[in-house]
Amino acid sequence: MSTSLGLYILRRMALAIPTLLGVTIIIFLLIRLIPGDPARVIAGLNASEEDVQRMRVELGLTRPLHVQYAIFLNGLLHGNLGTSAATRAPVTEEIAIRLRPTVELAISSIVVATVVGLTAGIISATRQYSTLDYVVMSVALFGVSIPVFWLGLMLMLLFSVYLHLLPAGGFGGPAHFVLPTIALAAFSIAIIARMTRSSLLETFNQDYVRTARAKGVRRPAVVLRHALKNALIPVLTVIGLQFGTLLGGAILTETTFAWPGMGRLLVNAISSRDYPVIQGIVLTFALMFAAVNLTVDVLYAYVDPRIHYG
Amino acid sequence: MPRRPGVLRRLRRHRTAVVGLLILAGFIVATALAPAVLPYDPNMADFDHVLLWPSPTHPLGTDQLGRDLLTRIVYGTRVSFLIGILAVGMSGLLGIPVGLISGYRGGAMDLATQRLIDLLLAFPGFLLALTLIAVLGVGVTNVVVAVGLATAPVYARLVRGVALSIKEQVYIEAARAIGVPESRIILRHVLPNCLAPVIVQSTLQLGAAILTAAGLGFLGLGVKPPTPEWGTMLGEGQTYLFSSWYIATFPGIAIFLAVMAFNLLGDGLRDALDPRMKLG
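Order-wise, the sequence lines are chains G and R. So for the first sequence, our numbering puts the first residue at 149; every next one is plus one. So for the second sequence, our numbering puts the first residue at 96; every next one is plus one.
Wrong hints could be hidden among the right ones.
[Claimed, not checked] With a cut-off of at most 20 Å between alpha-carbon atoms, the simulated SDA-like pairs for lysine to any residue come out as follows:
1. 319(R) - 421(G)
2. 262(R) - 282(R)
3. 377(G) - 444(G)
4. 262(R) - 201(R)
5. 262(R) - 203(R)
6. 319(R) - 136(R)
7. 262(R) - 319(R)
8. 319(R) - 416(G)
9. 319(R) - 203(R)
10. 319(R) - 159(R)
11. 319(R) - 377(G)
12. 319(R) - 444(G)
Hints listed in this document are in silico derivations from the structure and should not be mistaken for laboratory results.
Isolated chain G (complex conformation) (with noise of 0.2 Å):
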């Protein structure tokens, strides 16, 4: 069994392969698609004609496009992104030094959405058309429509603000942690609970369960074991899913707390029209989302038995 499974997991990471060689020639003609000349661009505004030729070189854009693109990848497979062209430190370095708060925001906020999300799923559930699923849901509801960066501020503006309970952004200890994973996770809170009440509603619904509640198993064990168990797989889905939405969240969640990641990072690279910046940040945040979802794969096949992974 175990070495199946372990056959799968490398299947299913050779065939992640192709979708990432994908997203390396996304990005690399994303950016060669800049209106105008890529060079003069990222050279800026006030470089004279021989620094756009030197950059046009640097970037290798006068060999075919094709030849580019493999230098591009050698450099990549070789952990070179290019450096940047506002501090010209290399782009690796750059991102490295903003991966952590980037990684701990998203993982604090998906295991928090994840927790809060299937408990409020599970009480909606079980206690369809109470006055407290009427709460949760009416609550799941704002949580997909309120902006992320608008509960930040006003998240911001009750504790830091007024109360004073809390710090209003920067990057430290727990504390710092508090608002910004709350308004980061609010959205997928909000997704994953509501997944998980309708896809334990049509469970309870199953053979299984009704025979499991005739022969006498009490309440909470017909959820806890029998139902919860296949409803489990499609919100499994949405988790995986909500990594995406969270890291996206994370690059207005970052603007909103001044939080030393890759978001920040970004968004400044895009003001500054810092290219190489640009591509590097992309191409970690793409992997980083591929690497989740193969984890939910993996998982999937961990979690549904009746999946065969021969």
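Position chain R relative to chain G; hints supplied.
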């Protein structure tokens, strides 16, 4: 086109959908009446009246350039709704034909299209829109293009799924057997079946598009000032959050209400268009 008797009646009885419709109607009425009722210019700076607190003359206060916030929020409705509608229209125009043909034809073309869609969906949606802005530059048109392109794969996938299930139906086989041309089968039989999910998706997507566009504006990478756009206003207000909280607060409420209204309406439409759903 298959008749669904009572869709409107079901929608009318769907209490939350009605709430959504009422909020949207409120936005539209306010926008239509704005020039007649509101005495201020949304874009004209008035340096004698900067950062005024909410008062009877300025119900929501004024911003850092002395512009009336209520006026700007009401005029901002046009900008946000227009961006939403155009972006969703664009992703539908791109995604629906691709999904129809890909799902109905199948084969190598379907495979190739699906791989391309996989690739686009490998980017988190907001990141894709942001990257497109990085390439295209800021401004209303580019925001529409960025949000529209980033959402198109969702439509292609949704429509393909429906087309795949429809093409196995007996009546499609019958149509093919009597020699109905493929284009006519797709337009007359497959497309109408996709309409219900597409309408639901588009309504929900309108809210999502407004949210994405506002996010770009908040980052200073959306609609250019002084055009009143909710996200951009919120971003500008962030600077004054500690002294003049209302500048960032009220545009956020407008975004929240608009997105919630589209979500309520979308959920209601889903229930009304799905005959299996019972009304609660």
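Right, here's what the structure says about each hint:
| no. | hint | result |
| --- | --- | --- |
| 1 | 319(R) - 421(G) | holds, 17 Å |
| 2 | 262(R) - 282(R) | holds, 12 Å |
| 3 | 377(G) - 444(G) | holds, 15 Å |
| 4 | 262(R) - 201(R) | holds, 10 Å |
| 5 | 262(R) - 203(R) | holds, 17 Å |
| 6 | 319(R) - 136(R) | holds, 17 Å |
| 7 | 262(R) - 319(R) | violated, 46 Å |
| 8 | 319(R) - 416(G) | holds, 17 Å |
| 9 | 319(R) - 203(R) | violated, 43 Å |
| 10 | 319(R) - 159(R) | holds, 16 Å |
| 11 | 319(R) - 377(G) | violated, 49 Å |
| 12 | 319(R) - 444(G) | violated, 40 Å |
Hint compliance for this structure: hints 7, 9, 11, 12 are not met, and every other hint is.
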